[in-house]
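A.B. asks: So the chains spell out like this:
There are 2 protein chains.
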Amino acid sequence: MSFDVLQEKIIAKKNPTVAGLDAKPEYVPEHIRKVSYEKYGQTLLGAADAIWEFNKGLIDALYDVVPAVKPQAAYYERLGWAGMALMEKTIRYAHEKGLYVIADIKRGDIGSTAEAYSDAWLGATKVGDVLCEGFNADCVTLNGYMGSDSVNPFLKTCKERDKSVFVLVKTSNPGSGELQNVPAGADDTVYGLMAELIEKWGAGTEGKYGYTMAGAVAGATHPDELKQIRARMPHTFLLVPGYGAQGGTAEDVQYAFQANGHGAIVNSSRGIMCAWQKTGKDGLDYQQAARNAAIAMRDDIARFTTIA
Amino acid sequence: MSFDVLQEKIIAKKNPTVAGLDAKPEYVPEHIRKVSYEKYGQTLLGAADAIWEFNKGLIDALYDVVPAVKPQAAYYERLGWAGMALMEKTIRYAHEKGLYVIADIKRGDIGSTAEAYSDAWLGATKVGDVLCEGFNADCVTLNGYMGSDSVNPFLKTCKERDKSVFVLVKTSNPGSGELQNVPAGADDTVYGLMAELIEKWGAGTEGKYGYTMAGAVAGATHPDELKQIRARMPHTFLLVPGYGAQGGTAEDVQYAFQANGHGAIVNSSRGIMCAWQKTGKDGLDYQQAARNAAIAMRDDIARFTTIA
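Protein chains in written order, with the numbering used here: chain A, 4 to 311; chain B, 4 to 311.
No lab work stands behind these hints: they were computed from the structure. Since this is a predicted model, take the numbers as computed values, not measurements. Among these hints, one or two may not hold up.
No distinction is drawn between identical chains; accordingly, a pair holds when it is met within one copy or between any pair of copies.
No farther apart than 27 Å at their CA atoms in a straight line, the calculated lysine-lysine pairs in the DSS-like style are these [said to hold, decoys possible]:
hint: 1; residue 1: Lys59; residue 2: Lys92
hint: 2; residue 1: Lys17; residue 2: Lys37
hint: 3; residue 1: Lys284; residue 2: Lys129
hint: 4; residue 1: Lys129; residue 2: Lys92
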C-alpha cells in the first residue's frame, strides 16, 4: 500500500536515493553513440537507440545499489515517438531488475484529462474489450495548481493498482519562489497552502509506514523550507531533487527525513549519469563510474541520516 | 511575430475558436474502429490507427472553418509510443491544411528540463551534428507554478522560431479555486499573481496586434474572473477552455475578447468531435456533424463578439 513498496526497498538497500535517467544524447559516451549513429544515422531513432544501450548499462550497474530510478519525461519526449518507445522499454527493464520507477512527468489537468494521464502512466487504457497498459510506472510527479480534481484521478488509480504520486510543493529551481513563496491565506505562503492541500488529498490512504499515496516534491536547495515542510506534512513521503549538480548537500537533505530516517528519497541525475565525464576514460568506464557515484552519494547522505 | 499568425487566421475565418482533438477511442465511430481493430487487433496500435483516420477526417471537414486545432497530449500518451507517433502525424497533417496547432501539454519544470520540453514541442533537438524536429507545434500550454525559469526556455524558442505559449491562470475545472482563488500578495489572489507574472514574463515580445508571446489560459466557466483577467492582462492573448460540455456559454466567453473582438480563442473538444453521437446515424456522418457543430459554435460566439 502506498509508499510501502518504496520504503521497503530503501530499507533493504540502506539507501534513500533515486537515480535520475535523463535521456540526453550528450550524456552518452562516444563509443555507444557511434554504434547507434552508424546503425540509424544521426536521427531521433539513432539517439533513442544510443540512450537505450546507456540506460540498460546504467540500470545493470545500479540496480543492487539504488532502490529506484526516475526517468525525466522531457528528455524522452524530445526524441518524439522513438523517445517514448525508449521510455516504455526503460521502465520495463528497470522493473525486470526489481527497481521502483518514478516517472517524472509533472502533469496536471482537468478531471477527464487527468484520468487519461493516469491511465497512460500508472493504469491502463481500454481498447475495445481489452485493457492495454501504457508506460506502467510505479509513481509519477504531478503539478497541483489546478486543484483536487487534477490529482484525484491519479489517487484512484493508485488505490486500484498500488501506486503513488508526488505533487510539487516547493521546487528546487531559482525561480521557485516567484509564486510559491508569496504570502497567501492566513499567515501562510502559496507552497504552504499546497502542502496543506496535499496532506488533505492523501488522508486515509496511509500505508504501514504511515505515508499516504500523495507524496510531495520539496527541493534540497531550500533547507529551511524543507525542514518546515517535513514538520507540516507528517504523513507525506517526500521526493527531494536538487542534491549535487543543483547545489543541495547531504547536510541539507537530512531535514527531509523523519527521525527514523524514513519518509524521503533524494534524487541525483547528472551526478550519477555523467560521473564518467570526470574520470578521463572517455566513458569506457561509465558503469563503474555511475556505480561509484551512487555508492558515494549513499554514504554521503548516511553521514547525516540513519535509516532504521 | 507572437500571436500574429493565429490572430490573422482568426480574422480571415471570422472565427475565434479552436477544435480540440482528444484522441479517445470511444469518440471514434464504430465503422472506423472496426477496420483498424481488424488490421491491428484491439491494441494501442489499433486504437492509434483508428484515431488517425478519425483525426484526418475531422481536419478535412474543419480546416476551412476553424483557424486552429488543439490536440490534448494526455489522450495521445495514453496510447504509449503509438499515440505519440499519432500526435506527430496529426500535427503534420494539420499544418498541411494550414491550421495553427496548439499542443495542450501543460508542462512545467526546472530550466534545463524546460529547455528539453521546449525542444520537444516547439523547437528541435541536436543529434550529433543534425537538428531534428520533434512534435513541432505552433504553441503549447504551460503550468507556471515553478516560476519564470520554467517558462523562459519556451519563450526563447518562441523568439527563435516564431511560436507562442499559453500559461495557466484560472482553469475551467470545479477544483480550480482550491489554490488559484486563495487570497495572496497585497489584496490579490494566487491566480491574480500568476496573471501579473505572465504579463511580466512576456513583456517586450508584443507582435503587431499588441500581444506578447506569453498567452494565458482562462476558463469560460468563471465569467467574472475572465472579465477581470481580460482587464488585468491587456497584452495577453487568452485561450479559453470550458465552452459547451463544461458549461461555458457564448455570453460568458465574450469577456475574454477585447473591444475589437481580438485577443482570445475559445476551445471546444467534445462538442465538435462527438457531434455525430447526437444525429442518430452511427457516426457515418461524423464529418458533416463536426463541421455543422463548428459552424454553429462560430455563429453562437458571433452573437456576442464581433471580430474587427
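A.B. asks: Could you run down the list of hints and mark each one as holding or not?
C.D. replies: Results for each hint:
1. Within a single copy, Lys59 and Lys92 get their C-alpha atoms as close as 9 Å, which meets the 27 Å cut-off; across copies the closest is 29 Å, which misses it.
2. With identical chains, the CA atoms of Lys17 and Lys37 are never at most 27 Å apart, being 37 Å at best within one copy and 53 Å at best between copies.
3. Proximity of Lys284 to Lys129 under the C-alpha cut-off of 27 Å is restricted to the inter-copy arrangement: shortest distance 24 Å between copies versus 49 Å within a copy.
4. In this homomeric assembly, Lys129 and Lys92 come within 27 Å of each other (Cα to Cα) both inside a single copy, at 21 Å, and across copies, at 22 Å.
Going through the hint list in order, the structure does not satisfy hint 2, though it satisfies all others.
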